[in-house]
Structure formats: structure tokens, C-alpha cells
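Student: Okay, here's what each chain looks like letter by letter:
Protein chains: 4
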Amino acid sequence: MSIHEECGLFGIWDPGGDCARTVYYGLYALQHRGQESCGIAAINNRELSFYKDVGLVGDVFTPAQLDRLGGTMAVGHVRYATTGDDRRENTQPLTLNYVKGTLAVAHNGNLVNTKALRTAFEYRGAIFQTTTDSELIAYAIAQERLRCGRVEDAVCQAMKGLRGAYSLLVMSPQKLIAARDPWGFRPLCMGRRGNAVLFASESCALNAVGADLVRELAPGEIVTVENGTVTAIRENCKNTAGHMCIFEYIYFARPDSVICGQSVHEARRLAGALLARTRPAEADVVVGVPDSGLDAAMGYAEASGIPYGMGLVKNRYIGRTFITPDQRSREQAVRIKLGALRNCVAGKRIVLIDDSVVRGTTSRQIISLLREAGAREVHLRVSAPPFIAPCYFGTDIPDREHLIAANLSIEEINALIGADSLGFLPLEALHQIAPDAACGFCDGCFTGTYPLESPGTDAKI
Amino acid sequence: MSIHEECGLFGIWDPGGDCARTVYYGLYALQHRGQESCGIAAINNRELSFYKDVGLVGDVFTPAQLDRLGGTMAVGHVRYATTGDDRRENTQPLTLNYVKGTLAVAHNGNLVNTKALRTAFEYRGAIFQTTTDSELIAYAIAQERLRCGRVEDAVCQAMKGLRGAYSLLVMSPQKLIAARDPWGFRPLCMGRRGNAVLFASESCALNAVGADLVRELAPGEIVTVENGTVTAIRENCKNTAGHMCIFEYIYFARPDSVICGQSVHEARRLAGALLARTRPAEADVVVGVPDSGLDAAMGYAEASGIPYGMGLVKNRYIGRTFITPDQRSREQAVRIKLGALRNCVAGKRIVLIDDSVVRGTTSRQIISLLREAGAREVHLRVSAPPFIAPCYFGTDIPDREHLIAANLSIEEINALIGADSLGFLPLEALHQIAPDAACGFCDGCFTGTYPLESPGTDAKI
Amino acid sequence: MSIHEECGLFGIWDPGGDCARTVYYGLYALQHRGQESCGIAAINNRELSFYKDVGLVGDVFTPAQLDRLGGTMAVGHVRYATTGDDRRENTQPLTLNYVKGTLAVAHNGNLVNTKALRTAFEYRGAIFQTTTDSELIAYAIAQERLRCGRVEDAVCQAMKGLRGAYSLLVMSPQKLIAARDPWGFRPLCMGRRGNAVLFASESCALNAVGADLVRELAPGEIVTVENGTVTAIRENCKNTAGHMCIFEYIYFARPDSVICGQSVHEARRLAGALLARTRPAEADVVVGVPDSGLDAAMGYAEASGIPYGMGLVKNRYIGRTFITPDQRSREQAVRIKLGALRNCVAGKRIVLIDDSVVRGTTSRQIISLLREAGAREVHLRVSAPPFIAPCYFGTDIPDREHLIAANLSIEEINALIGADSLGFLPLEALHQIAPDAACGFCDGCFTGTYPLESPGTDAKI
Amino acid sequence: MSIHEECGLFGIWDPGGDCARTVYYGLYALQHRGQESCGIAAINNRELSFYKDVGLVGDVFTPAQLDRLGGTMAVGHVRYATTGDDRRENTQPLTLNYVKGTLAVAHNGNLVNTKALRTAFEYRGAIFQTTTDSELIAYAIAQERLRCGRVEDAVCQAMKGLRGAYSLLVMSPQKLIAARDPWGFRPLCMGRRGNAVLFASESCALNAVGADLVRELAPGEIVTVENGTVTAIRENCKNTAGHMCIFEYIYFARPDSVICGQSVHEARRLAGALLARTRPAEADVVVGVPDSGLDAAMGYAEASGIPYGMGLVKNRYIGRTFITPDQRSREQAVRIKLGALRNCVAGKRIVLIDDSVVRGTTSRQIISLLREAGAREVHLRVSAPPFIAPCYFGTDIPDREHLIAANLSIEEINALIGADSLGFLPLEALHQIAPDAACGFCDGCFTGTYPLESPGTDAKI
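Protein chains in written order, with the numbering used here: chain A, 21 to 481; chain B, 21 to 481; chain C, 21 to 481; chain D, 21 to 481.
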């Protein structure tokens, strides 16, 4: 699996202080949303300070750094960036000075009118030092602020010009502001811990710091915290339930998060059950690809009556610095990352559950690994439909040319990966995996149809 | 869980070369046996070179380093060391010059006659630069070599003076030698990949590099590889099945390893089933503490008929640099490390499966986490008997004063950790968890009775 | 001595390529002008890439980094920054996207109308991500570019709004532009090496890369290199010889540089000679404080007839990581940094030559060190007048309250530092130290009178 | 110049504590004697602790490290090692456990009977983990200690078997012991600071920490400090003045050190004067190659009456990480390391003073640099005789094949380096450069005749 979410957000207003430390733990819980860089900005006595760098949360921050940041307000960010970006410059939160003082801006998502916005600003003399949407958003806010009496109103006006996916945290010396795009692509929720008010991309991060989930922001909503008072602006809310990225349920989000009222773990389990019903297989054991295939595998096992088995063990120590075996080695990456449990698979017919097939390479290697361990048959079942189109809204699902399912039939894919049979979750079933979700969905990567018109491409520094 | 295995070994003889690279991948698969330091020594044209440092395998070695090491033979080591050790000096393999040239020595285990050995050597003028048993073993071999014609004979003679747990790899410019102590405490197995001969602490490491498990070394056996010929010396083999550490099955080893013919995963599953039969509970769902409690939880669920549920999610990013929350934070370490799945646990009676209770602190926090997530009842079942005695044979199970079960009754422990009920695997059941194992066991930490007489304590540099 | 220059610049246009490597060596030669951070931006096929970080040139760049940067044009920067700056964000060159594509901007100096400029831009909606003047200059250029047909014209127009000290390098995908402020505070010269055209803060950097000094830029001049053609814009040149910082001659610049036609080494030697004539002393030996006092000490010795002696040796290994002795140590920083040559000083009357007295602490310690080594008398002679006013034009000469000479009489200073006598170079003599210089001078730090009106203070992010 | 001294030593006994910090500053002053690795071992309440690593003193130690080491006794070491050594293992001081407890051993020098010693120990069963002489010396002491009542007696007995150059510091939990080899090759002196007793390779290190030089150890002498009492053993002292390495005066030692009563700076100045008398030149200015040629240049200028000029400036920032220009660059290393002062050299006849010519490459480049800067003539004068033989006693003066003067005549060398004339200090004059020195000299590298018979070569791990 090689699809990445692009960011995670965490913010807190807490007069009790030490906010950077809470953000640190919140970002730890959101690390799965971005492992490339991270940052925290904090306010102490109306002064902004920040620290950010490339690396994991646990590698970037030291206790001394967190003590220095302190904070009665703080926002943090974890980021995934596609290779080739000039990396350190793009770390977030973006911190800046503008006409009314200082701001910190962090966002999760992807705008689709980047080029038009950038050009418009440039024709007014703007300079851009990063390739992030955050810088565009910051400019938009700064320019609206000239006409608006309050920063939250500037955010509100700026949002009218932004098209695409964004969940947003903006921090001024006195206010913490959270916002979601009117289409509702990316999650953002609000929590409380005593007097403190918190925002997080996923509810698992609220749990991690001992806060309670209060509610999720509505698509288009702006929530402002000032002196402990929480107010909402709903001027940009459209009259729709929005279009939550459905792949958040299938893969991106942590299973212990709740998004739009729907438990992620339950959605995956249900996807597995629906997969069992629509794409059955005759088999002796259901094996999930760890970690993200395990929930669906349980669901498949329950619905099919085929026993669930732990057939694959994941090596917990493969990190960024892992030296991938090269051509000349007889070692194979998949064998180092996954170990097959011979006792569980030898002589068995296996239903193998994974959550996606991107290029097919990994699937082929896992199937071969299971056969080497003695599996008699391997039936691959995927708990999502085939990817046939790219994502423009905050993930790196690639162009059609790199998506196996956009170019080959199911039979061709099956031949390529060497399974005994192959089945994907049907599109119709996909829409049933989140029955508790009080929202609509974006399933553009599975359908090629998006809630927003055709996106442009980005200028590069 | 805070019990640690102390080491992992991997060695290969392969005329095809690039052995250091294979050892690198083998050590990756054994990283769970030691995360403090690691090292690789390799032979090229009879010349020894090596690299070792504190840190994880993935952090210590670079591609350039592996290329430099190359090797038509190589041995590697991962190490866990108790805090306070002078660390870098104690990394292994130990490399040395002696009367017959060079040697590399790596070992897994703990001697119990260290003090006597050390004193005896010192009275012959020896100097010790580390606090490792490897240095003692190396001295013993070097001194025997003066009287023995072959290095493997020197190893054989040296072993007669060593008391305790040790699996051993010794590499001279021409020979790769593996040995296990006569009591058979620690595992060590042999594999093949084409012409290559390999040794590893666990079979999962053989699988990782595409090798097949040939057999495990017998207690007391010495196996020598020279020019592709494998010969065995069994002079030190006693007429017993040995005393394999039973906690290897319960916790230390990787579930996809096979030890003495017994699948580790199956042993854990069986422990869970035996636990269900001997320590039943009325409940709605069985939840394992990830990762090591999951296999037993499945076994418990199957045997009891209570559904298995994923009630806890582990944060995959907690590493060595994690800043543990201190007193003043409202965050709790357990909440950052584990997330509870509210949907799975709310309103439910839960059987919580863990593999050990050392001090009780972690258990208390997990139970409290589940209650916060709405669990109605939490019944803790432990897939091993209570620890009542320390381990002298290669793990850091501590002294009685730090073992809660050595000081409190089951009821008192239960009160302390706040479970609704508490049950441990009975000792009788413990001996049934590895029916396929062709060996005897050491269960000293659960009984206070060891295969070897009372151990001494170690001198410190 | 604790006065710092704030930056050094180096740029090259060379169709032969590998420009980043030449900049690397050029920056090495300019490292004395800034040791806090450094950066290089390069153009390859009209694409901009860059690398910058905190640290010395030798620590920041690797061969791989230089190879990646390559370049048929490149600009580089070394920076000194006062403590407390958010450091990494302020590294240069600043690289940016604007209406016409990409730019890299590097500058040496300090603007005095920063606040007014910043406010003006902010009222047009600008955001500032750094606290550097470079960002202001970049904005000014970007805004003028909307009205100007060529980037060099935009630089020309932008300069009309900039007040203060700045030498500037601007690089677009096709052009390399160099400029000096109309007051001529900071040096900037042009060189050639074959077809290549180069710019550097000091001529020593041209020599370092085997280039020849062609000429220095006039105050207010803009020089553009495009396709090997060099053109000049002199629209901003005032009809004056400018006001070169006279402290460049006394301390900042490297002795092997030539500034405005005047050899720096010769200027220092002459300062020493003038000091001997105006502030004579009866003594046995002239000792310079290494390294910057040595040239003047030679001049003093020659002019006075008193022998020159090497009385102090400097420890060449004191770097950024040196742990300064704290209160409890009996060690003294000065003794570790400087060693006295007992044979040279014992029993002697010494004329000690230094180039400045800022707070007096270091002078007191050096004098005490010489007395401990047996000096009979120590007469301190300073090769510059007393500092009585701060510098607003690119150095960190501090406010009056921290300048000993702004608060105490010569006698009081002498008493404080414990010399037998103390003499500074008279102001009248100061103006004679650079007879070959075809320029006027800024001596504001010695007189309190500046070529530009009273400066404002800076806003901080 | 590319000749390196191999080590520096510093030790202190001070009941006032914080000894590691004093050693830190002492090692800073001795850094010129070894820049590859360093280490400090300290005693607190009879417990030994240590820290050592590759790198400069300023990079290896942190304040926290020094605080942890503390110490009422401490010894430190700086080391230069030839490339290819397994580096980290060879850092010193060597710390060890032996029959009587713990020892730390640090040494400066080179044994010549290494191979015989090593073999003898190996035939008694010894193992060697490093390639340092320190380990051999430690073994010798440990073995003698079995027969001797006091560690200093064991040192005394061990010394009888050691042939070669060594200055030695040995620290037990109660005693600090210093010793010099009976031939007196390497310096070692004793100092006092209040109650504290100190030892250092050079007196400049005593000055750096505010201690007074008491005396230098005699060749063969052993000095022991215990509870503040200083005692000497002279059993190994031969009836000769010893053979101090004369190149310590010419190049290795710091100019502010005094060795055997002779100021190093004065020796160099005298070498310059003797050079002027024996190898005169018609010239306009005397220019020294910085830093080590400057003292001799002054002496040459004084004796010849030709003015001394600063014609070359050294770049102070060239460190270990400097990327040397490769073939394809038009830059030359020498131009980056040295800048020529055009005003000083243009049109002049120059006497260039350097302290040695090893391979001739650097001399050729410097001469070419001076000619480019306009020098009319360049007469190279070297303040030492030509190297014609290697050094076996603690420096890396290489084998004859790499010494230009061992293979070419003066005329041939002159042709090769491109000077107008070339002169070396005559051997007869060499013996006059240290008139105050109360010792004999080793001049083996200039004569091929050594105080000790032909040395063997070393075994490698």
C-alpha cells in the first residue's frame, strides 16, 4: 500500500498553559496522516513562537523545545509531501506577520484553483516562498483582513475564493480559528478537556490527550475560540451534507477514530462483511494484510463463516531508514516486512484481504509469500473498489497511468498478481460501509466523478 | 509490558558474498530481541572488518557501510542492555586478535558463573574492557586454543567452564561456528539458501532472507561450517531434552517463528484457549492488548465462544525518542500508546487478554482506559502464570521486590489494578502450550526453580 | 572582540557550469563575514534550486549537495544573526516565485526604513515569513516588476524606496544582477575568470577561486549579466564618493582584500603606524592581539622602532561548540583562547595592540594574562577611535549603554582594564588610514554622525 | 604540511573536584597534537567513568557530559590516527578491569617491539580488541601487578619490557601515575594549581588551566600522586639526557610551550636566524607560511635584515569537512586555504619560510600562488633539514619512498617546486636551535639514525 494522506491538524486553547505539550501528543496520534515533517506554533502572552522540521514528531521535538514553546494556545501539523518538494521550506504551520500582527496557519487538503489564485496574487505584487496552499490561504486572509474588522471574518471572506479540500487552523495572538471547506472533504472535529477547547483532524487525537469529542465541524463552518468563548460562522455552509473522502474510512483514518459519527473500525468491518457477501470465496481461512487489512478481514470472516486466522506478521521496525533490497540481493522487501505463519496457511485455501491495489506489485509479492509458505489457494479480496482516477483533494492517489485498474481488467490484474481469484468491493456496496455517517461522500478515485469541476495543476517554485 | 530479551544472533556463510547485507535483513527480523545496539562483522579474503553502534539496525547501517563490509561470511547481533551499562563498549559482535589471528564472537544469554570466571582470568593477568559475557567467552576460547588444534575444539573445551544460558556464534577467517549451551535455554537454528549456510536465533529471520529452516541446534551442540562443509560436535550434549525458556513462546519470540518444532503463534493461541478453559469469564467480547496479547485473545475467543473484538489500537509511531508525559501533564502515556475503540467496548463486558503483569501499572491504566470508553466490566486474563522470581538466564525479569505477584495475592493485585476479575494461566496449563516442542522447559520465573544452581552476581567495570 | 559583520555575498555566471561549487569556495573565503548560516541557489536550464541551513559552509554542504545544485549561475550567502532570531527561516538567499517566475535574493547590510516599508506593504495585503530585509527588498522588486519591463529595472525602481546599507545579488532564471546602495556602505566587487563573471563582497573571494578583480561597483550602481553581456545602470548613483564603512578596513574585511582600491592589510599597518605617532609609548616590545591586531602591531613596531614580538598565541580550535568556563571554574576563557609567550613578555614593557575595546572585559583579561606571564608594563593601544555610538548599517556594534567608551573617560577605562596606559587612534588619524581608497567613509560608530538620518527600529515576527 | 603528532595527554588530581572540566580545557590546549578522537576518564568515590568518541574536543563533550564525569581525578587524551584504523575502538584513555580493580591508561608515542610483545601475550592466552599500544601497555601492567604490591611498581616493571616512545598516564581509583620512556622521546610535564597536581604533554596546557609548570619528567621517570603526595621512581632512568624529538621544537609543539626548558617559539625564531646565516638570499621581504612558518620567518628577517612581511593569509575556517577541489574544478586547494597579499608581494623578491617539505606539492602551489600575485622571485628556505627517513616514535613521517628529499637532490626538488632557489637548515645548525634545552635529541627523520635499533612492524586486527 503506498497511498498517503497529506496532513493532520491539532490545535488547543487552554489558559492552563503547556499547550505545545498537548499538541505534541495530539500530533503523535495523527502521525499516520503525515510522516515527512511536523511543526508546532504557540502563543505566550500574545507572542508567537514556533518550531518545525522534517522528521517524525518523536524525532523533531525535545522536552526543552516543548518547554520553550509552552503556550496558552497552540496549533500543530504533520505533513506528508511528495518526493521532490523542497522540503524544509514547506513545513507547517506557516507563521507570518501581516497588517494586524502575527498569524499561524496550518491546513490539511488540496486546493484546485491554486494556479488562478497564485496568478491573481502575483499580479498584485505578491511573492511566494513555498509551494504550499497554506501560503495562498494566508495571503487570502491577509488581503481580506484589510477590509474585515475581525480575523474570523477575513477567514470567512477568504474561503469564498478557495476551491478544493481544506481543513484549516488559524491562530492569532488572541484567537484560535478552525474551518472546513464547504464541500467537507477532510475531517475536523472539536473537543473539550475541562475549560480547554481543542480541534483535531481525527477524534483519536482527542482521546489521546484525554479530551472528549464535542462535535465535528460542518462543511463550510468556521469556529472561533476567544477567551474561552466558542462562536460559529456558517455563512459558507452550503445546504448539503458534504462530500467526505470515503477513503478516510477504508484506509487513511485510524480505526479508533469516529468521522461524521461513523466509527472507522466499524466501517472497515462492514466493508469486509459486504465484500464477503458480494465477492464470496471457497476457502479455509481469512487472512488480512497487516495492519490496515485486519479490520476488514475480521468482517469478512464473520460474514462468511470462514475462520479468521493470523497468517501474516508485520515487522514493526521497518522505518524511513530501511535499506530496500536492490536487484542483486536474493532478499525481497516483502519477506522482510511481512512474515507468513506457516502453521496457519500451509495446505489451506486462503482469502487474503487488503484495502487497495495500486500498482499490483505488493499484492503479487504477498501472494507469492503465502504460496511459498504452503498456501494451496489464494483468493484476493479488496475492501474497496478499484482505483480508476486520481485524487485532487489531499491524497496522493496517482494519475491513471500509474493505476493498474485504470488500465487493466480484473482478469488481467488477477493474472498479473497471480491470485486464484480476485474481487473488489462493488461501488454499490461502498456506499453502505458508513451507515452511521451523517454526510455524503467523495468517491472520485473510484468513479472519476468529483464534487468539484476539473482541477488545474500547480505551479512549482 | 517491560520485560526484555537480551539479544539476537544471525550468521551466514555464503561464497556468493554480500553476506553483511543478508545479516542486515536477518537482524531486522530479530530486532524485537534487542533494540539498544547492533553490529555486523564480516570476512573478506580472510580479513575481518566490522561495524557496530548503539541504535536500531535501520539507523546504524548505511548502504555504503554494508557494501564496505561485503563478506563471504558474516555474523550479526542485536542487543538489549539494562540502563547504566557503558553502552558503546558493550556492542557486539566482539572482535579480537588472539594467538591464531582474528575472531568475532556474538552471544545471546547470560552466564551465572561470571564472577568466578572473571576472577580466574584476572589472576592470570587478563584485562577486561567491557562488562559483557562475550569477552569472558572469548578469553576462554583464546586460552583453550593454546592447547587445541582447531578453534571449534577450543570452543568445545571452553564451554565446559561456562555455566548459564548462551547461544553463540564464533567466526574465524575460515570458519563459522554456532553453539548452544548444554541446558538449551536460548534458541538457535540452522538454515540453508542454495549453497549458503545460515544460523539465526529464530526461524523468522531465516524466512526473512529466503532461507529454509534445516534444524535447530541441540542443547550443547557445536556446528562448524568450513568451505561449505557442516560438521557437528556433540561432546557437550547432555542426555536431556534441555530447558528452553518457556517465555520465548509466551512473549519474546516472533509469532511466525518455530522453536523446537513448535509454532510460537500456535503456542500463544493455545495458551489463550487453555486460559479460557481454566479461567473462564462471563463476557461479551474478548479484547487483546496489542501486539503481544492478540494471539492469545484469539485463542481465548475460539475456546470460549465469546466473540473476538478489536477493542484497542496501538500507536505505531511510539519510538525511543517518545517524551513520556510527566507528572504535571494531564496526558497519560497509556492513552497515547493505545486507543480504545468505543464502538467495540461501550456497554460491554470485556475479557482483556495480556501476556504478563509485572508491576501492575500498565494493566491498571489499560483497564481505566477501557472503562472511560464505556466498558461495563473488565476481566483481565493473563496468558502466563504470575512472575514470582527473577530470571538469570538472558532476560531482565527483575528481582522479587519489583514483581507484584511475588508480593501480593491475586486478590490484592486485582484490587490494585481495578479489574472486575483477574485470572492467570495455571502452571499445569503452562506446560501444555507447546505440544509440538521436542524439548523441556525452564519456567524459573514462574516457579523459582531453575535448571541450574543459584547464580552469582556480576562485577562491574 | 565581539563585533560582527552581518553578511557576505558571492555570485557567478559561468556557462561552463558547476557554479555552486565555485560559490562554495567563494563563501569559504567570506566565512569571516558570517558564521551562523549559509546558502546557495543555482540555476540549471532556467530551473532554480537551492540549499541552505544554519552552520558553517563546511558543515552545511556535502559534495552530493554541490553536485545536485550544479548551476550555470549561482548566488551564495553567509550570514551572522543576532541571538534570538528565529534562525532557520532567515537563512539566505531568499528564493521565491513572483509574477515573472522565480528569483533568488541575497543581501548584505541593514535598511533603516524597514518599519515604514513593512507597514506600507502590509497595508497592501502582504505577509512576511521572515524578519530579514531581503524579504522586504524582494517584495519591493516584485511590486515594481509589475510596471517594469526588465527585472533590473524593477531593482532600479525598488532601490529608490530603500534607505540604508545594502549590497545585493538578485538572480532570475536568465540574469545575475548585483547592486550597491547609493550611500556605498558595504563593499561589492566584480571579477572575471575566463568567460565567467563573478561578484563578491570582498576581493579575497575572487582570488580564492582563481578569478581576477575587474572593479568594484559604484555606490548606487546596478550591474546585470545576461548571456555573458555585462551592462550597468547608474540611475541611482549620487554624485558622491559614497560612505564606505571604515571599520571594514580596521576589522571586518580579510587583510588580503582590496576595498575601494585600498589594501586592507596596508590600511591596518598604516593605522598601527599612525597610532605609534599619535599615541607613543616607552616599551620594549610590541605585541598584537591575534589575529586581527597583528597587522596594526607590525605597523606600530615599524613606526616606533620598538621590536615586534609574538607575545600571544591563539588556540586555533575554539569553535561554536566551545563550552565557556562558568563561574565555579578556576579556568578563564581568555587563557584557553590565548597563550602568553613568557620568553617574549617576561620582564618587558609591552605595547599591546588591539583593534577595538567594546565592553572592556576581554582587554582586562588579556592584560592580566600578560602580567601573570611576567610583563612589567602593559600599554594598550587601540588601532581605532573609541566606539561611542551604535551602527545601523549592517554590523552589530551595540547601543551606547553597552559601549564602555560612550560612558567612561579614557582614564576610567584605563583604570577598569588595568593597563599602565591606554591610547586610541585619534579621529583625525582615522581618516588617513586608507590613502588609496577612492571613496568617502562612514565613521558613525566613532562620531555618532551618519550619512543617513536617524533610523527607526524593526518589527519582529 | 601533512605531518602529524600522534597524541596529547592531560591529567589532574584535585580534591576540589570537577576534574573532567579541567581536563576538557587542557585537551583544548593540546588539540594540535591530535584531532581524530578524544576521551576523558574520571574517578568519583573510587568509581571510574569515561566518555570518548571520534571528533574534536569541542564536538565530543557537552556540559552535561562533563558534569556527569565530575572527578577528583581525571585523565584525558587527544589522538591522531592514520586512515584505515578501526577508529572508535582505538579511542583513549583505555579503561579496563583487572585483578586489582579498574585502570585508565592513556599514552602518547609508539612502541617498536609491539609485535614481540603482542605475540608473547597471545601465547599466554591474551585477546586484543584494539590496535593500540595502550592495550599492550595495559596488559603488561596487569600482568606485572600480579607480582607487585603497588600499581606504580607494576608500571615500573612493565616499562622494562617496552621499547620505543611513550609518555604515559595511568589512573587507578586512588592514584594518578605519569611516566616517560627511558629514551625521553615525547614530552611530559608536571604542574600545580593550589593543591591540585597536573600532568600535560606540553606546558601550554598547564597555562591554559591556570596551573604553574613545576618541572618536566625525566626520561624513564615515574611520578605517582596519591592523596596529594607526589613520589618519584627513577629505577628506569638511564644516565643520559635522553633523546627529545627535535621536530617537537620545529613543528609539533605549540609556540607558547616550554620543552626541556627551551621555549618552542624561541627555538623556531633561532632556527630562522640560523637559516638566514647558513642559507642567505637576496630579497626584499621575508614571508612565512602561516601558521607554523611565521616564527622562523621573524627570526630570518631579524637575522638577515630583510623586512618581515605578511604576504600570506590563512583561511581560519578550513576544517575536517572541507570538500577538497577535485580534478575538474578550476579552483585549487591552496588558493582557498591561503590568500596572497598582493601589495606585500607584487614586484618583490621573496624569501618564503616553511618548516618542512614532505612531498613538495604544497610548496609548489604556494610558490605559484605568490608568482600569480606578482612576486618577482621566490626563494624557499626551510627551517629544518630535509626528511630522509621515516619516524617510528610517535609521528607519521612516512617511508622513504614518500619523502621527496630521500629520493631527489636539492636541485631536483627546486626544479620540481619551481622556486628561484631552495635552502634547508643544515644538520649542524639544527642542533643549535634549542640552546636552553637540558636534553639530547632524536633527529632520526633527518639522519636515519635512531636512539633505538631497527623497529618491527605492527600486527593488525
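Simulated from the structure, these hints should not be mistaken for lab results. Hints may contain errors.
Since the list can't tell identical chains apart, any single copy or any two copies may satisfy a pair.
Taking lysine to aspartate or glutamate and the EDC-like style, the derived pairs with C-alpha atoms no more than 20 Å apart in a straight line are [stated by the list, open to error]:
#	residue 1	residue 2
1	K180	E246
2	K180	E473
3	K120	E392
4	K195	D440
5	K120	E473
6	K120	E397
7	K334	D311
8	K180	D87
Student: Run every hint past the structure and note whether it holds.
Tutor: Comparing the hints with the structure gives:
no.	hint	verdict
1	K180 / E246	neither (23 Å within a copy, 43 Å between copies)
2	K180 / E473	within (16 Å within a copy, 45 Å between copies)
3	K120 / E392	neither (65 Å within a copy, 43 Å between copies)
4	K195 / D440	neither (58 Å within a copy, 45 Å between copies)
5	K120 / E473	neither (35 Å within a copy, 28 Å between copies)
6	K120 / E397	neither (66 Å within a copy, 54 Å between copies)
7	K334 / D311	both (8 Å within a copy, 10 Å between copies)
8	K180 / D87	neither (38 Å within a copy, 45 Å between copies)
Going through the hint list in order, the structure does not satisfy hints 1, 3, 4, 5, 6, 8.
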